[in-house]
Structures are given as C-alpha cells and as structure tokens.
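A.B. asks: Dock chain Z against chain C, hints included.
There are 2 protein chains.
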Amino acid sequence: MSETKKPNLYKMRLPEDLKKLSIEQCNMLCKDIRRILIDTVSRNGGHLASNLGTVELTMAVHRVFDSPEDKIVWDVGHQSYTHKILTGRLDRFETLRTENGISGFCRPEESEHDAFISGHSSVSVSAALGIATAMKLKGDNHHTIAILGDGAFTGGLVFEGLNNAGKSDTNLIIILNHNEMSISKNVGSMAKYLSTLRTKDSYHKTKSAVEKVLNKTPVVGQPIKRAIRSTKKAVRDLVLNSTMFEDFGFEFIGPLDGHNIEELEKGLTAAKALNKPVFVHVNTVKGKGYAPAEDNPGEFHGIGSFEIATGNPDVVLSDSFSSVFGKELTKMAQTDNRICAVTAAMKYGTGLQYFCKAYPERFFDVGIAEEHAVTFCAGLASMGMIPVFAVYSTFLQRSYDQIIHDLAISKAHAVIGVDRAGIVGEDGETHQGIFDVSFLTTVPDITIYSPSCYEELTACLRKAVNEDKGVCAVRYPRGNDKSVYDKSEVNTAYSYKDNSNGILVVTYGRLYNNVLKAEEILHSKGIDFDTLKLVKIFPLEDEIIDIISDYKLVFFFEEAYTFGSISEKYCAICNNIAPFTIEGFVRQGKVCSLLDECGLSPEKMAESIEDFLKNG
Amino acid sequence: MSETKKPNLYKMRLPEDLKKLSIEQCNMLCKDIRRILIDTVSRNGGHLASNLGTVELTMAVHRVFDSPEDKIVWDVGHQSYTHKILTGRLDRFETLRTENGISGFCRPEESEHDAFISGHSSVSVSAALGIATAMKLKGDNHHTIAILGDGAFTGGLVFEGLNNAGKSDTNLIIILNHNEMSISKNVGSMAKYLSTLRTKDSYHKTKSAVEKVLNKTPVVGQPIKRAIRSTKKAVRDLVLNSTMFEDFGFEFIGPLDGHNIEELEKGLTAAKALNKPVFVHVNTVKGKGYAPAEDNPGEFHGIGSFEIATGNPDVVLSDSFSSVFGKELTKMAQTDNRICAVTAAMKYGTGLQYFCKAYPERFFDVGIAEEHAVTFCAGLASMGMIPVFAVYSTFLQRSYDQIIHDLAISKAHAVIGVDRAGIVGEDGETHQGIFDVSFLTTVPDITIYSPSCYEELTACLRKAVNEDKGVCAVRYPRGNDKSVYDKSEVNTAYSYKDNSNGILVVTYGRLYNNVLKAEEILHSKGIDFDTLKLVKIFPLEDEIIDIISDYKLVFFFEEAYTFGSISEKYCAICNNIAPFTIEGFVRQGKVCSLLDECGLSPEKMAESIEDFLKNG
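These protein sequence lines are chains C and Z, in that order.
One rule links them: number in this note's numbering = place in the first sequence (from 1) + 757.
One rule links them: number in this note's numbering = place in the second sequence (from 1) + 757.
Treat the hints with caution; some may be incorrect.
Note that the list lumps identical chains together, so a pair holds whenever it fits in one copy or between two copies.
Said to hold, decoys possible - Capping the alpha-carbon separation at 27 Å, the derived lysine-lysine pairs in DSS-like fashion look like this:
1) Lys895 to Lys1226
2) Lys895 to Lys1084
3) Lys924 to Lys949
4) Lys1114 to Lys895
5) Lys762 to Lys1084
6) Lys1033 to Lys1114
7) Lys1347 to Lys1361
8) Lys762 to Lys1033
9) Lys768 to Lys895
10) Lys949 to Lys893
11) Lys1088 to Lys895
12) Lys763 to Lys788
13) Lys895 to Lys1220
14) Lys1084 to Lys893
15) Lys924 to Lys1114
16) Lys1226 to Lys893
17) Lys1168 to Lys924
18) Lys893 to Lys1088
19) Lys763 to Lys1309
20) Lys788 to Lys1371
It is worth saying that the hints were derived from the structure and are not from the lab.
Chain C extracted, bound-state conformation (with noise of 0.2 Å):
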C-alpha cells in the first residue's frame, strides 16, 4: 500500500494489514472508524464517548502486538467497539446490540480475538494474569494486555490483581486508559493520584532516549526486544520512579499522549520489549472527535439512540423506576436526616442526582466499589443511620459476602435499591439482573419487595426505610413505568382479584402488566383466572399460602432465574403450582422480546396456561 493512499477498511485484512499502513494512513482511518462509531451507536445506542476516546490506543495495539497470538482484555469491554471493527466484525458492526448481532461487550464465542469475556468492572488484571500465567506455562512468550479505564481502579478486584501480577514474572502489559472519567467523574484518592501521574510530562522527557533506541532498530519483530535488552539503561529511561505501580512490582511507562499513533507505538514497542509485567498509562480524551460527546461525555457513556447533528437523544424519558426512586428518597431525606445515599460510581443511572444536589453530605458515591458500599453502609447503620444503597442487580451480585456478613449477622437496618432487577436488554448475559431474587433470599431475615408501579415503588420504599427492620431490598427494572391498571389497589404486601375462577395466576413486579394482557387474550377464548399480584415478595407469607392453597391449579410467572426463585419456595409448600421462570443466562436483544423467549411475554404466557389446561 502506498504512503498516502487511503485505505478502505471493508476491504483489508484485518487485523494484519494494520502494520502495512503509514501513521498518516492510520489517522485517515481512525477518521472512518469515529463515522461509523457515531452512526452505529446513534442507531442501535451502546457507549460512545469511552469508543470515541480509544480508536488510536486500539490501533496502536493492534500495530505492535498480533492477536489473537497475544491476548487483548479489555476490562468493562464497552470501549471495544474499534477492537471489534478491527478483527473482522466491521460487516456485522451494524447489528452492534441487536438481537443476534454482535456484543457490545467482549465475548470470545463472538471472536478469537476477544480474549476474555467482558461486563463487569475491575476483572482484566486478574483474568489478564491467569493468561499470561498460562502461557508461560506453556512455554508461550506472547504477551496478554490488559486494558483498563481510571474508573476501574475504584474497584477493589483490581488492585488483588495487581498485588499478585507485578512479581510474577510474566508477560503481562496493563494498560491504563486515563480519561478522568468512568460514567461519570471519578471519585476518590486513586482517581486523584492518577491525575498527578497524568501532568507529568515524563515520557517527553525520555523520548530522545527511547527514540534512539527504537530508531536504530526495525519497528517489528525479534531485532527490537534484543536491542532494547542489550542497552537496558536506555530503556530504564523511560521508567519513571516512584510511581504507585512500580511500588506493585511494574515497570511503568507514560503518560502516553492517547491520540498520537506513534508515540503509542513507541510506547507500546518498549513495554513488549521489555518481557516483564508493564504498566503503561495513556491519556485519552472520551468523546474525542465528536463535539457532543466531549464536551459531555458523561451523557455519551451509555446511551439511546440519538439525532447525529445535535447529538439529542430520540427518546426523552420523562421519568424511571431509577428516577422516581431517587426523587423519593430525596423528599424523604428532608425529613429524617438519618438517612444516607450511597451509589457505585452510578449516581446517573440509579437516580441519585436529586439526592445528591439537595444532601451532598449525605450523598456517597463510593466508585465502582460495591463491597465497600455495603460494609460504608454496615458501619452508617452501626451508629444509627439509614442507608440506602442503589445499586444495579447484576452489580450487587459483588456485595453478597458484605451483605451477609457486615449486615444480616448484626441485623443492621439498610435498604438496598435493587435497579435494573430482571432482564435489562441489549447489554446482553452480563448485564441482566436475573440472579438478584436467587441470591438474597439466602440472606437470613431479608425483606424483599418487588414492585410493579412507580406508587408501589415509592410505598415499598418508605415501608423499607421507615418501619421494616433489618436488610431490606426493593427491587424494580430498568425503564419507565407501563402499567395502566388501577392504582387503588396500591399498597406494600399484595394485591389478590378473586373472582371464583378456579384458576390462580401469581406474578410480581412489571410482569403483572403481561399478565393482565395475558388475561384478555384468554378471556376471548373463555378462559379466565383470579390474580395474584405479590408486592413484597419474600419472606414467604402465611396469607399466600393460603390463597394459593384454595386453588386446584395456580400459575406463577416470574422474572428471576429458576433455582432460588419465588415459585420454587412456595413450590417447595404447595403442590398446585405451575412455575415459569428463567431458566438460564439471557442473551441480548429487546425487552420485550427476550422476555417472550423466556415464556414470559402475554402472548407466552396465554399460551403456556391454555397448553397447561388443555394437556396438563
């Protein structure tokens, strides 16, 4: 390919031809690969401002390492979009989040070279070392590169990681992509530390030095690690002193300039050379290129489709189960001043905005920290404070040893808000909130709600907040509030239409809209139930029991995974139930239609009761 020629991504060899190409070409491309960033993600929504800021790093990956020899983990794995388009999956980039398109996250089934499944926070380190570990093992020399965003570093994961991979003698490089930003701005000491290493102006310093090395040798290939070992000093040069990482074991290089192509390339060439655990820190900018999103990027993290031009997003949400949850416990804040509200690193998504404007002293937010959250919330209570953790269900997942063990044992009275709780969408398997029912209801002397409308939300929160006792959580999904029954029937234990039809069908949360279509559609064929709506779901409660007991046969639909859910413990009492659950890891694709794959739309649900009635 010639020097100035601009090359056509849909038509190269990907990710070999990379090497071929000049800076100047790399630039042309990295253009192209911003475009198709912005129209994809402005059509089928997924994170923006984070992809915007690491086209030129994953370029330069890319161009010094050769995957999938090499192992490339990108932690979170949001900001893979430009990896994604460079290993071959740039045809299929359109289907970003769809259903059956590609992931917005890494997934090794999709790819070889997604070298590690990615979703939650802080897990590249300790996954990049288990690599790299097994690769020397083996004899391998390839490297295992770990990229990671400063908000990763609030997590607690990251640092067991790099406590056991700065002395362990093995190929590892960690990458730290510094924006200064996880979702929204970072907390916390390390997120300070880190911008004092980011000023620093060491690598330019240096660069005459690394330069001379990395100019006498060619850019590629065996030459390069012999040169540089054989003048180590040279190379010792770019190492900084005194940084935290290399108190970890690390060789560190950096600050890198994140958009400049050659110099992270040069960057890049010395920590392979250096056959040692490296820690390389680049600066980025998130949002880079598209206005917009850098002069907002904490509203470009994750987001809806949106018009291109303005950068307005299509769909306006007046209000969430998150939004009316935080303005809640905002109105009940002025009041008790013993309540507390603490978030990970998600004040945005959880509705803690409110909260946070109006008591900033009783607003935390811990980062991507959610063991800590809990314990911070444990030790609130210990002196008399009602915390009040909001949290997504799938990231709670990381509390269940503190919940137990700093809250339950003691009987510490806090309140989890449990967001994103049951199938969330297109983020896909890591992201659903299906496994939050399963896991606290083995948390001893819990209290569970589940609501189904925003009323419900906020009865069950003041419920939770003011007269329950011990662990509480109220769950409630991602998204706005659909329900259009009568809102009389609002309150905190359950709600129970009995019309002597025989038939019972129970269900909790937003799945009691599904069933009150699923009634109509059975009610034109002549079938008709009595329903049962729970509102605080666990523990187990005599008075259900007893209403279910009344019926010869009961349906019981619900959003959780099998093992551990609602239905199999009233199961476990009563022999008339027909439970309907979820039975596995939920891929991504739309709401409404993953929940009809688990049997759980009307439709499904009309079917299942009148297959049931007819073929038992």
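C.D. replies: Below, chain Z without anything else, positioned relative to chain C:
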C-alpha cells in the same frame, strides 16, 4: 495507684483505669495478659500468635482513646483477645470460643466496646469509614480506629475503603499491625512494599521533634490538640514523604515499635491530634513472648488446644478432608500438567502444602483475595488449564459475582474445593459454611458434589477435574472422616438402600453418618427406613426424583441453610418430603452440639422422624 505497684487486672475498672498506670505498670500488665492468653488458648484453642503480637498495641490504643465513645474496629477480629480482656470480659475470658461463652471475634452484641462485627478479612477500613462518617454527620468529634494486619492488605476491599477514606475529612485512624504474616507468610507486591516501610527508621528520626511538642502538653485532653495544631510544622515532621498511603490522602505516622508502649502512645496521640485521616504503621512480632509461637507463628495462628510447655497440640489429626483433598490433587497433577492449584492465603488450611511443594510453578497463593482467585482461575481456564481453587465455604461468598460473570457465562471449566462446608464450630456465625449450597445452586450449569467420606472425596475430585464440564464444586466439611460404613458403595452419584421400608431418608455429606446412627436408634423402636445418600447433589436428577416419588413419606436432612437448599428444590417437585435444614445463622459451639441444636444430630433426627410418624 503508685508507680511501682503491680496492678491487679481482676480488680481494675476497665478500660478506664488503664490511663492511670505508669508505663512500667502497663508492661507488668502485658505480662499478665500474655499468660492469660497462653493459658486460655492452650485449653480452648483459638488464635494465639496474632494476639500475643498485639498486647502492647491494644493497651496503648485504650490508653490514648476513650472506648466506647471512640470506636475501635478490629479487622478479622481474631487479634482482639487483649481488647476483650481490657474491656470488661476478663472474668468470662475462660469461656472463649465455647458454647454460650465469649466469641473469638468481635461482636457488638457482646460488648459496647466491639464497635463492629468481625470475622472476614479486609472489612475494617470500610466499616470504620461508615462509623466515622456517621460521627461527622452527627457533629461527634470522637475518633474511629481501624486496626488491621498486613494480611488484610491483600484483599481488594481494603483498597476500596482506603480510596474513599483518605479524602473523607473524618477523624479516622487506620493502624497497620505489621507482622509480615497473615495466616501463612504474606504474598504479593503489597507485602513486599509494606516491608520496605517496616524497615524505615523515620519515626525515630523525627522522634525528638514530636517529643518537643508532646512534652509541652498534658497527655490527655483538648490542650494537646490545640498545641499540636499551632505547631503544625513540627507535627508534619512526623509524617513521612511518599508512601502509598499518602497517595491515598492519609497522613502517615510510623513505623512504630509495636512492643514499646511509650512510643506507641506518642504516635497515637499525635495521630489523634491531627483530626483527619491518619495511617499509622506499627511493627509487631507475631507470637511475641511465647517462644513456640514466635518460632512458628503460622502453626500458632488458629489452633486447637495444646501443651503450654512444649507448644505441642493435644490432638494430632493424621488426616482430614483438607489434607486428603490436597494430597489427591497433588497426585493428579503428576500426570496432568494442566492442573493448577489456587488458594487465598490458606495453603495449610486447605491441604495444598503438598501441591505447593511438588509443583510450585503451578501453585498460586493469591493472598486474601477470593475475588481475584476466581477471575484468575477463569483466565487460566480460558487457556486450557484446569484450575482448582480450594477455599473455605464462608470465604467463597466473596467470589459470587466472579463465579457467575467470569466462569459460568463463558462455560469455563474450573473446580472449586469448598472446604469447611457446613457447620465449622467454635468460630461462630461469621465462619459457618452454611450458605454455599444456596448460592452455588444459583449459578447456571454448575455441578456440585458433597462427598461423605475420603474415598468419595477423591472420587468426586477426579470426576470434577477429569470428566465434568463447566464450573464444578466439591464441598466437604472441616475435620476428619468419621464414617464407618462399608466403602464398597462409594461412587460419585448416589447410594440407595431399598429395603422396602416404605419410608425414605435422604441426606448427603457427613450427615449420612448421623442418619445411620438414627437408623439404629429407631430400629430399636421398631421403626425402619430406606436411605438415599446423594453424592452429586446438583443439578437435580430424574433418577432421584423417581426414587423419592416411590415413597409416601420422605425425610430430607441437610447441613445447609433452608432457602436455596437441595431439599427445597426437590420439595418443589415432589410433595412427599419433610425437609430438615439449618434455619438461620449458627452461633459458636462444638460441631456436634450445634448440629443437635439444628435438629441434625442422630438423636434429633430420630426424634423428628418418630414425632412426624406419630403426629404427621
């Protein structure tokens, strides 16, 4: 009290009177305390070495601070024996770790001086921050002191805590009790880093400057604060430059000699006067003052009763489930070089010392980092290795998210050796392994074995490693195999004895022995039953359902928490089962007596069956 008179611990008002003593008298008391510690632990078992190391530190903390107004949070809590002695529990100290006796860990229910529950590692910083924050919100200027060993620093939760605490503007003091040992020798970069701090002579260098400040002021009370504030520069001299903890936003004091009460008090007094987050580094010697423990602190970490003169244990276990597991795995690793062994700081506890010796390059002690352990295993597995993570049931709670997210979603093949599954005894609520069945069964596609004897354990381990796919768990109890039944029936599925008795008793694990004894008891009363011992307990098997369905009445005894139990799952399918499980947290005591309390002793089993047959 006169300067030279030896104080009588039994006659003092504690902790108040401590402040009236001279340093000489304190040292006398420390000797007495060490004698009490050695006496009691030699009789009751418990943690010795760590407690012998913190006698002076605890004394100094209680002389400088005012518990319970100042809150003391012990990490893990097994090093809090001196604290218990000095806070009104001396008279009951001989009941340490016995039924209805005082706990071997901190329990707020036991004393107002135990500010927070303890048992699991690395919790204290987060909990103390919660407490300190609540104090700040309430306008209470007292201090919160977290005391943690260097072992706790291998756990990520500590870093999540430090990241939030350093910038918190609270009166929080973190004391690092540095003895270079957690349970066995600490691992990782952090341990190495802390050791470099340990050997710095900085406190002594700045000692005279501090003394100048302190000598001008009374030892206790407000004046000192003002004095120190007004001579900020002198205090700043106390503070070292460039420790990692300063990067986290703490003032740093240390290292202090942890066995010199005078030095400790000066350092702590300065820390107190700073009125901001301070990190105090204290060097201690684990086992201090008792030669056998100083020489071999690992063996004297958590121990059974022993002979004081020699330090020899009263009972030597020839074998245990742990050692059988470790030896078998070592044997398997000889012929399969894919097998790797991982432990979270429990090399000896889990019997992996044999593996470590034979295959050090495939043995990984990751520190007290259960999250990392599982993700690291997932990385190994992604490269075709077969990782086996041996871990105590109660600590595996920390890995719940990693088991789902990093292992199960990607169908990685890894084996978890769940040691100390079921009731563990004297360590109490925080350590009972009663939740692993509940939370592991919520992991899609997991296979769980619960062998009842050594022969089954090795068979299950081989099957899990060599034949099964995905995530497998093999769970086994603490201690040794007491089974006496015929081992010809050993297999990895189930063992069914059909004597057409019309009644079936189902169980698994070591409870099978109790069922056999219950059988004898009831046989003498003319009641006979068939038995079904499960070995592979999950997933549920149709064969088992068929067997159960053949009976009119089935009793299911299970050493696991009710919700999420195996019997609950079979109850949800079969309506002829009377389940007997563990209904909540289990306090400390002897295993057999706790099993009896839970209705799972042979006598209670027989009673339940007899009663049920009589009264239905």
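A.B. asks: Please name the hints from earlier in the document that this structure breaks, with their numbers sorted from lowest to highest.
C.D. replies: 5, 8, 9, 17, 19 and 20
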